[in-house]
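Line by line, the protein sequences give chains H and B.
Counting in our numbering, the first sequence runs from 1 upward without gaps.
Counting in our numbering, the second sequence runs from 1 upward without gaps.
Hints are computed from structural coordinates only; laboratory data are not their basis.
Just to be clear, a hint being listed does not mean it is correct.
Heads up, the list lumps identical chains together, so a pair's fine if it works in one copy or across two of them.
Straight line, CA to CA, 27 angstroms or less: simulated DSSO-like cross-link-like pairs of lysine-lysine [to be verified]: (1) Lys249 / Lys28; (2) Lys284 / Lys171; (3) Lys349 / Lys49; (4) Lys317 / Lys2; (5) Lys23 / Lys2; (6) Lys375 / Lys244; (7) Lys23 / Lys284; (8) Lys249 / Lys349; (9) Lys171 / Lys2; (10) Lys249 / Lys317; (11) Lys167 / Lys28; (12) Lys249 / Lys23; (13) Lys81 / Lys375; (14) Lys244 / Lys158; (15) Lys317 / Lys163; (16) Lys317 / Lys167; (17) Lys163 / Lys340; (18) Lys278 / Lys167; (19) Lys167 / Lys244; (20) Lys167 / Lys349.
Number of protein chains: 2
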Amino acid sequence: MKQLNIGLFGFGNVGHGLYDVLKRIDSKSVTIRHICVRDINKERGVDAKFTSNPDDIFNDRDINLIVEVIDDAEAAYEIVKRALKMRIPVVSGNKKMLGHHLPELIDLQEQYNTALLYDASACGSIPVIRNLEEYYDNDLLTSVKGILNGSSNFILSKIFNEKMGYKEALKLAQDLGFAESNPTLDIDGWDSLYKLIIVTIHAFGVYVAPEEILTYGISTMNDSDIRFAHEKERRIKLVAHVEKVDDSKLIMCVLPQLISRNKYIYSVEDEFNGVVIKGLFYDKQFMFGRGAGGHPTGSAVLSDITACGYNYRYEYKKRNDSVLPCYSTDHAFRIYFRYKTAEERNLLKFENIREQYTSEEFSYIIGDVSIANLKAHQEELRTPNCFVAAYPLD
Amino acid sequence: MKQLNIGLFGFGNVGHGLYDVLKRIDSKSVTIRHICVRDINKERGVDAKFTSNPDDIFNDRDINLIVEVIDDAEAAYEIVKRALKMRIPVVSGNKKMLGHHLPELIDLQEQYNTALLYDASACGSIPVIRNLEEYYDNDLLTSVKGILNGSSNFILSKIFNEKMGYKEALKLAQDLGFAESNPTLDIDGWDSLYKLIIVTIHAFGVYVAPEEILTYGISTMNDSDIRFAHEKERRIKLVAHVEKVDDSKLIMCVLPQLISRNKYIYSVEDEFNGVVIKGLFYDKQFMFGRGAGGHPTGSAVLSDITACGYNYRYEYKKRNDSVLPCYSTDHAFRIYFRYKTAEERNLLKFENIREQYTSEEFSYIIGDVSIANLKAHQEELRTPNCFVAAYPLD
Numbered sequence: 001m002k003q004l005n006i007g008l009f010g011f012g013n014v015g016h017g018l019y020d021v022l023k024r025i026d027s028k029s030v031t032i033r034h035i036c037v038r039d040i041n042k043e044r045g046v047d048a049k050f051t052s053n054p055d056d057i058f059n060d061r062d063i064n065l066i067v068e069v070i071d072d073a074e075a076a077y078e079i080v081k082r083a084l085k086m087r088i089p090v091v092s093g094n095k096k097m098l099g100h101h102l103p104e105l106i107d108l109q110e111q112y113n114t115a116l117l118y119d120a121s122a123c124g125s126i127p128v129i130r131n132l133e134e135y136y137d138n139d140l141l142t143s144v145k146g147i148l149n150g151s152s153n154f155i156l157s158k159i160f161n162e163k164m165g166y167k168e169a170l171k172l173a174q175d176l177g178f179a180e181s182n183p184t185l186d187i188d189g190w191d192s193l194y195k196l197i198i199v200t201i202h203a204f205g206v207y208v209a210p211e212e213i214l215t216y217g218i219s220t221m222n223d224s225d226i227r228f229a230h231e232k233e234r235r236i237k238l239v240a241h242v243e244k245v246d247d248s249k250l251i252m253c254v255l256p257q258l259i260s261r262n263k264y265i266y267s268v269e270d271e272f273n274g275v276v277i278k279g280l281f282y283d284k285q286f287m288f289g290r291g292a293g294g295h296p297t298g299s300a301v302l303s304d305i306t307a308c309g310y311n312y313r314y315e316y317k318k319r320n321d322s323v324l325p326c327y328s329t330d331h332a333f334r335i336y337f338r339y340k341t342a343e344e345r346n347l348l349k350f351e352n353i354r355e356q357y358t359s360e361e362f363s364y365i366i367g368d369v370s371i372a373n374l375k376a377h378q379e380e381l382r383t384p385n386c387f388v389a390a391y392p393l394d
Numbered sequence: 001m002k003q004l005n006i007g008l009f010g011f012g013n014v015g016h017g018l019y020d021v022l023k024r025i026d027s028k029s030v031t032i033r034h035i036c037v038r039d040i041n042k043e044r045g046v047d048a049k050f051t052s053n054p055d056d057i058f059n060d061r062d063i064n065l066i067v068e069v070i071d072d073a074e075a076a077y078e079i080v081k082r083a084l085k086m087r088i089p090v091v092s093g094n095k096k097m098l099g100h101h102l103p104e105l106i107d108l109q110e111q112y113n114t115a116l117l118y119d120a121s122a123c124g125s126i127p128v129i130r131n132l133e134e135y136y137d138n139d140l141l142t143s144v145k146g147i148l149n150g151s152s153n154f155i156l157s158k159i160f161n162e163k164m165g166y167k168e169a170l171k172l173a174q175d176l177g178f179a180e181s182n183p184t185l186d187i188d189g190w191d192s193l194y195k196l197i198i199v200t201i202h203a204f205g206v207y208v209a210p211e212e213i214l215t216y217g218i219s220t221m222n223d224s225d226i227r228f229a230h231e232k233e234r235r236i237k238l239v240a241h242v243e244k245v246d247d248s249k250l251i252m253c254v255l256p257q258l259i260s261r262n263k264y265i266y267s268v269e270d271e272f273n274g275v276v277i278k279g280l281f282y283d284k285q286f287m288f289g290r291g292a293g294g295h296p297t298g299s300a301v302l303s304d305i306t307a308c309g310y311n312y313r314y315e316y317k318k319r320n321d322s323v324l325p326c327y328s329t330d331h332a333f334r335i336y337f338r339y340k341t342a343e344e345r346n347l348l349k350f351e352n353i354r355e356q357y358t359s360e361e362f363s364y365i366i367g368d369v370s371i372a373n374l375k376a377h378q379e380e381l382r383t384p385n386c387f388v389a390a391y392p393l394d
């Protein structure tokens, strides 16, 4: 493995986590030379060279790896582009940036023959991307489905199992360092969405832009929904899902699901992530681990760093398949839909209705609705009056 | 990916599974040219070129990949050696052969600059080796523990949950194609042992020969043990385990364990395998999937084949670490020990005794015993009078 001199951008939870991990393993071959942060005056409690000027990193000819773990997606995008153009390999943890700019960043990697690695960006310590890229690299793969956001899952666990209030659970997640600085990223499904986009490009070779994908979170879930789930002996989980429903059609969405006890992800609790990879012949595989937190994510960043030391690059093999499946929203799910007004009720066109209940306090329908229909009204449905969750057959 | 023309040795469960998988995906870049089997006259029901002469494969200059999925470890060893020496890459599924000959085969790979891949040999469809090699390739890893044998786990599930008799469960496992042709390989822990040896060389860079490792299975487990487990609300699982107990000491064993409900592997049932990878900072990761059966293993073989198409090789990175941990049996476990006679009782030296029970029908002790002590009496303990299982604290 070659000697790596790192220029690190960002020293929040993940950056500090990486610092701790490197210190603990006392690696001779990996050193952090400079750390670029926004606020140079903040007390960090570590013995390292801080700067607020990116040029201190980019102009240091000894730095041969950039690690970018900052919060700001636009700034991350500029750092990654600049590094690739200078032919300095980059490790990034910024899923929002990747979700928006992956096609361009793939082209840049090729054009400048330089690696961009980001296994740490999806599922924290679970090596999902690397496995999709290297192991599930043939036509057998049919779907990837999972809990990709540790923060919202932590909150759901606390609300569901410990009857904690939403605000209290969110505060706890933030105190423990699981939540993004902007919690709607986690709670409304955006963080899961970006990870899903990254996963999909490695799983099926297809890039779909964030704005095209149904994304609906748990921010409008209320006590009626929780009671309903308990009655049905299910748990509500926020699930990201990509599936080749036939050889030519790919569906994607981020949507809460009412999960029954016999499913693997039913038992994924707290800040953990769990991913179910399904394929012809091998059926299902389940990967489970810590999806959030500075140290688990820091150790995932370290795996990317080591991979850079061995000159590893993603090859995006699936993108070169002669026939790629097409993204489509023309596919129906069975959903649970809570609503209040007739107007809300009429937003969704049910292909058939399996169950319905109406009262002054609480009305719901269970039935089949197309992804296109849900997507068209995604924002209108994000109101306290409504909640939508997939309700799969057992 | 380069065009692969395969010479296949063996057309049992896994060979046939691979054939089905390749047929289904209709791959243009992978073709089976010849299949070498022992009995050329057996009706196989497939349209392929069979031979019983290995030279038909080795002399075919168009064959650029050998896939070996035969039962006979010695014959497999000869095939793999011959292929490597001819600089033809090989994919193998033979864990017994690998467990015995890995150091030599690693040297041959280097000497002839030719790949030998065997992810399919451990844990069927779960990509454990590839992940240990590529992702958990730094010093954070502390232990790998799991259910690595689908057949014995299937039998344990049937006995435990469905109160099936041992023979009936074994027969069912064989009918379903999960069991080795010689069932003691599964039941007495040898199959798990070979897999553990393979896993360990990729996890910690250390090779330990099969005869040096405590290996004890479930063949002497009886109704008293099952009742005892139920009373303690635990399940008996056959667990392979390697752990760096400190920076310099590595322990390994295959031993039944009384597993409590809060452990991941408690819920691994039937022919499934489950592996828990533990490390500093990322805590635990759990990987779960089908560990046996022709199609899941066939699809794992396909992943190795595709990797060969991309010129992938294991690098055995950990073997190059400056300081490798030393294998040791000087480490104590808490165990449950059922025995009949005083002579049997005195085989084991308990460092302390936590619980004991004696009656005419059933006597047991729970206490701490060193691996060295267990290993010394491994064969004497393999009698219907005795049963040993680890009994970890919760």
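Structure-based check of all given hints:
1. Taking the shortest Cα distances, Lys249 and Lys28 sit within 27 angstroms of each other only across copies (22 angstroms), while inside one copy they are farther apart (48 angstroms).
2. Taking the shortest Cα distances, Lys284 and Lys171 sit within 27 angstroms of each other only across copies (25 angstroms), while inside one copy they are farther apart (35 angstroms).
3. Proximity of Lys349 and Lys49 under a CA criterion of 27 angstroms is satisfied in neither setting, with 59 angstroms inside one chain copy and 56 angstroms between copies.
4. Taking identical chains as interchangeable, the C-alpha atoms of Lys317 and Lys2 lie at most 27 angstroms apart whether they share a chain (26 angstroms) or sit on different chains (13 angstroms).
5. With identical chains, the CA atoms of Lys23 and Lys2 are at most 27 angstroms apart within one copy only, with a shortest distance of 19 angstroms there and 42 angstroms across copies.
6. Taking identical chains as interchangeable, the C-alpha atoms of Lys375 and Lys244 lie at most 27 angstroms apart only when both belong to the same chain, with a minimum of 19 angstroms there against 50 angstroms between chains.
7. In this assembly of identical chains, Lys23 and Lys284 lie within 27 angstroms of each other by CA distance solely across copies; the values are 20 angstroms between and 38 angstroms within a copy.
8. For a Cα distance limit of 27 angstroms, the shortest separation of Lys249 from Lys349 inside one copy, 22 angstroms, qualifies, whereas the shortest one across copies, 64 angstroms, does not.
9. For the homomeric pair Lys171 and Lys2, neither the shortest alpha-carbon distance inside one copy (42 angstroms) nor that between copies (53 angstroms) is at most 27 angstroms.
10. Proximity of Lys249 and Lys317 under a CA criterion of 27 angstroms is satisfied intra-copy only: 19 angstroms inside one chain copy versus 40 angstroms between copies.
11. With identical chains, the CA atoms of Lys167 and Lys28 are never at most 27 angstroms apart, being 44 angstroms at best within one copy and 55 angstroms at best between copies.
12. Proximity of Lys249 and Lys23 under a CA criterion of 27 angstroms is satisfied inter-copy only: 22 angstroms between copies versus 47 angstroms inside one chain copy.
13. For a Cα distance limit of 27 angstroms, the shortest separation of Lys81 from Lys375 qualifies neither inside one copy, at 32 angstroms, nor across copies, at 58 angstroms.
14. Taking the closest pair of Cα atoms, Lys244 and Lys158 never come within 27 angstroms of each other, the shortest separation being 33 angstroms inside a single copy and 34 angstroms across copies.
15. For the homomeric pair Lys317 and Lys163, neither the shortest alpha-carbon distance inside one copy (46 angstroms) nor that between copies (48 angstroms) is at most 27 angstroms.
16. Taking identical chains as interchangeable, the C-alpha atoms of Lys317 and Lys167 are never at most 27 angstroms apart, the minima being 43 angstroms within one chain and 47 angstroms between chains.
17. In this homomeric assembly, Lys163 and Lys340 come within 27 angstroms of each other (Cα to Cα) only inside a single copy, at 24 angstroms, whereas the closest approach across copies is 51 angstroms.
18. For a Cα distance limit of 27 angstroms, the shortest separation of Lys278 from Lys167 qualifies neither inside one copy, at 35 angstroms, nor across copies, at 33 angstroms.
19. For a Cα distance limit of 27 angstroms, the shortest separation of Lys167 from Lys244 qualifies neither inside one copy, at 37 angstroms, nor across copies, at 42 angstroms.
20. Taking the closest pair of Cα atoms, Lys167 and Lys349 never come within 27 angstroms of each other, the shortest separation being 33 angstroms inside a single copy and 56 angstroms across copies.
Going down the numbered hints, you'll see the structure goes against 3, 9, 11, 13, 14, 15, 16, 18, 19, 20, while the others check out.
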